[in-house]
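Chains A and B supply the protein sequences, listed in that same order. Each residue of the first sequence is one higher than the one before, counting from 74 in my numbering. Each residue of the second sequence is one higher than the one before, counting from 111 in my numbering.
Calculated directly from the structure, the hints in this document are not laboratory data. There's no promise every hint is true.
[As the list claims (entries may be wrong)] Chain A residues, not near chain B, derived (Cβ > 10 Å throughout):
hint, residue
1, Val96
2, Phe108
3, Glu116
4, Ile117
5, Ile121
6, Thr151
7, Met152
8, Ile294
9, Gly317
10, Ile417
11, Phe529
12, Glu562
13, Trp574
[As the list claims (entries may be wrong)] Straight-line Cα separation of at most 30 Å, DSS-like style, residue types lysine-lysine; simulated pairs:
hint, chain 1, residue 1, chain 2, residue 2
14, A, Lys105, A, Lys115
15, B, Lys186, A, Lys115
16, A, Lys536, A, Lys510
17, A, Lys448, A, Lys382
18, A, Lys105, B, Lys122
19, A, Lys115, B, Lys216
Where a beta carbon is used, it is the ideal one built from N, C-alpha and C, also for glycine.
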Amino acid sequence: MKKTFTINISGTIFHIEEDAYEVLQKYLINLKNHFGTDDEGKEIIADIEARIAEIFSAKTGDDKKVITVEWVDEVIKTMGTPEDFAEEEGEEESIESEAKRKRRLYRDPDHRVLGGVCGGLGAYFNMDPVILRIIFAVLFFVTSGAALLAYLILWIAVPKAVNTAQRLEMRGQEATVKNIEKSIKEEVKEVKESYKKFKESDTYSKGKKSVEGAGDVVYNIFKVLLKVLVIILGILLVITGFFGLLGLISSMVIGQSFVSGWPLLWSPEVHVPDFLNYFVEPGTVTLGMILVGILTGIPLLAVLYLGTKMVFRYKSNNTAIILSMLGIWFISLIALLVISGTQIKHYKDRSSITNSQVISCDSCQTLYLNVAENKYEDYAELDWDIKDFNVYMVDGEEVFVGKPELDVVRSSTDDFVINVKYVSRGKSREDAKENCKEIEYQFNQTDSTLVFDPYFFLGGKEKWRNQEVYITVKVPEGKAIFLNDDMDEIIHDIENVSNTWDGDMVGKYWVMKPEGLTLKENN
Amino acid sequence: MKIENTKAQMRKGVLEYCILLVLDGKPLYASDIIEALKAAKMIVVEGTLYPLLTRLKNAGYLAYRWEESTQGPPRKYYELTEVGRNFLGELEESWSELVDAVATIKTNNT
Chain A
74 MKKTFTINIS
84 GTIFHIEEDA
94 YEVLQKYLIN
104 LKNHFGTDDE
114 GKEIIADIEA
124 RIAEIFSAKT
134 GDDKKVITVE
144 WVDEVIKTMG
154 TPEDFAEEEG
164 EEESIESEAK
174 RKRRLYRDPD
184 HRVLGGVCGG
194 LGAYFNMDPV
204 ILRIIFAVLF
214 FVTSGAALLA
224 YLILWIAVPK
234 AVNTAQRLEM
244 RGQEATVKNI
254 EKSIKEEVKE
264 VKESYKKFKE
274 SDTYSKGKKS
284 VEGAGDVVYN
294 IFKVLLKVLV
304 IILGILLVIT
314 GFFGLLGLIS
324 SMVIGQSFVS
334 GWPLLWSPEV
344 HVPDFLNYFV
354 EPGTVTLGMI
364 LVGILTGIPL
374 LAVLYLGTKM
384 VFRYKSNNTA
394 IILSMLGIWF
404 ISLIALLVIS
414 GTQIKHYKDR
424 SSITNSQVIS
434 CDSCQTLYLN
444 VAENKYEDYA
454 ELDWDIKDFN
464 VYMVDGEEVF
474 VGKPELDVVR
484 SSTDDFVINV
494 KYVSRGKSRE
504 DAKENCKEIE
514 YQFNQTDSTL
524 VFDPYFFLGG
534 KEKWRNQEVY
544 ITVKVPEGKA
554 IFLNDDMDEI
564 IHDIENVSNT
574 WDGDMVGKYW
584 VMKPEGLTLK
594 ENN
Chain B
111 MKIENTKAQM
121 RKGVLEYCIL
131 LVLDGKPLYA
141 SDIIEALKAA
151 KMIVVEGTLY
161 PLLTRLKNAG
171 YLAYRWEEST
181 QGPPRKYYEL
191 TEVGRNFLGE
201 LEESWSELVD
211 AVATIKTNNT
């Protein structure tokens, strides 16, 4: 018992067995691919179908016989396959020479699950596409989706093998090491031959000919070198593009919390979007990130595309895609510039607030200055380029701290006075002042000992607006200070009579004399 | 240089001439043309004919009309156009020239 289908060939209805149907369908698809889909090709196919219908009609007769595989095979034999046509028409590319074609990368429409990329790669590398599919699937999970992107790029960039010539190219001469070696050897032989010619022409007839010969030799050597170079460069470009994209995607995607649990081979330490939150208004962070992603992603895509093209030497015509990519890139660039412009506003004005505190310690002759322990020192520090600012990871959250500067000057009164000056930028003077108020800085006094924190916090909104904190210790004449060893962490350019460098001032007593801060010799 | 290739090239050149010859004087439909060419052993597989017919038609040497058939769907009948007839005349001329040329060489050799 066999299943049959009812089919309509060129207006006539036939009953056909399932296996026969499959063979016939495949044959017709092959013919379509051979003759093409333009008007001429369509007409040829229509004529051939009419003829096939005629042959079947004659066979089935009036008693409604069912078409079998044998009949279909017979029809194919009568009509001929695309290979037969090529032979009969004596085209330049006969079957033998087809097999010698250099292999090119195409997408395989006959063996496809999605775009036929794995099928095509399988044909190119002479592998079972299933293995490649498994590799792609595994890569997809390991690289958190970057492999999918690579797949999509290949889908877009690699052409589909539509006609017979392309199909033959797809399975053409194997691109094995042996074959590459062979083709390079052929090139080298060519070089040798032209060198020999050059030598002969040099010994027999000097002059113009030898120049031409020399040119030939140089040209051929150059050609071989160039081919090898292009392949190496292509591989390098593919690697660069792939890992660049991988890094970009993971740093962008992992920054968003909803996928942070995904397994990763390579995970960046810096969580870019979180990081930007210190500078930029929250709403613009996402948009800015997307723009930055596009701006860096498109060139990386281009690099990857170029690389695969150099290695696999496939033909493609994607002017529209390339142009639109270029367009998107420029639009992103402009958008990012505009956004940056609006953000720079936030740094327009600068303002400061100074808090003065008189140290109430009448009996103190000497003030001991210490630095509090940096409680963040044990936490991981993130890479950061802005001077005097640090970002620490504390319990999974970044803590953004600035480094204060401390100076020592003469007091105009008879008391020790501590001035703390908060400086910040903002979009207006008032805004800058508000930002100053947000800054949190602390020092503690116990009798004659002052303990300064080695860091300050940006405050509630935690936006970096180039906040600064300057501490000024005012010392009345005749009184002294002791700079503890750890003070060199925050002291900055303290003026003294002996012009002693900051680092050498610590661990010593300094007296404020009429001429200035002087080292106390006998402590 | 392969012998099959040379043979095929020779046949390819003559095939168009033969098709026009077959159609000279009477309109025929594809199967009749195939019969005639097969009988003369000019083609092996039928699929070769259709692209040629279409190309000749597009070049203006052939025209076709649909004719009802007693058995099955309507058939495409091809016939020579005026341009086609002139073309055939030229081909005939160059064919006899070729035949003469080959004959001359053969007789001179013997």
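To see whether the hints hold, each was checked on the structure:
No Cβ of chain B comes within 10 Å of the Cβ of Val96 (chain A); the nearest lies about 16 Å off, and the non-interface call holds. For Phe108 (chain A), the non-interface assignment is contradicted: its Cβ lies about 7 Å from the closest Cβ of chain B, within the 10 Å cut-off. In this structure Glu116 (chain A) is not separated from chain B by more than 10 Å, as the shortest Cβ-Cβ distance comes to only about 5 Å. Chain B draws Ile117 (chain A) into its interface by the beta-carbon criterion, the shortest separation being 5 Å against a cut-off of 10 Å.
Annotated as non-interface, Ile121 (chain A) brings its C-beta within 10 Å of a C-beta of chain B; the closest such distance is 5 Å. Against chain B, the non-interface label of Thr151 (chain A) is violated: not every CB pair exceeds 10 Å, the least being about 6 Å. Met152 (chain A), annotated as away from the interface, has a beta carbon of chain B within 10 Å; the closest lies near 4 Å. The claim that Ile294 (chain A) is not at the interface with chain B holds, since no C-beta of that chain comes within 10 Å of its own (minimum 31 Å).
Remark: the non-interface label on Gly317 (chain A) is consistent with the geometry, its nearest Cβ contact in chain B lying 49 Å away (cut-off 10 Å). Remark: the non-interface label on Ile417 (chain A) is consistent with the geometry, its nearest Cβ contact in chain B lying 66 Å away (cut-off 10 Å). The Cβ of Phe529 (chain A) lies farther than 10 Å from every Cβ of chain B, with a closest approach of about 84 Å, so its non-interface assignment holds. Distance check on Glu562 (chain A): its Cβ is at least 88 Å (rounded) from any Cβ of chain B, clearing the 10 Å threshold; non-interface status holds.
Every C-beta of chain B lies more than 10 Å from that of Trp574 (chain A), the closest at about 91 Å, which supports listing it as non-interface. Restraint check for Lys105 (chain A) and Lys115 (chain A): satisfied, since their Cα atoms lie roughly 8 Å apart, inside the 30 Å limit. Taken as a hint, the Lys186 (chain B) and Lys115 (chain A) pair is honoured in the structure, with Cα atoms around 15 Å apart against an allowance of 30 Å. About 13 Å separates the Cα atoms of Lys536 (chain A) and Lys510 (chain A), which keeps this hinted pair within 30 Å; it holds.
With a CA separation close to 54 Å, the supplied pair Lys448 (chain A) and Lys382 (chain A) exceeds the 30 Å bound. For a cut-off of 30 Å, the pair hint linking Lys105 (chain A) to Lys122 (chain B) stands: about 22 Å separates their Cα positions. Between Lys115 (chain A) and Lys216 (chain B), the direct Cα distance comes to roughly 46 Å. Violation of the 30 Å bound is thereby established for this hinted pair.
In summary, the numbered hints that this structure violates are 2, 3, 4, 5, 6, 7, 17 and 19.
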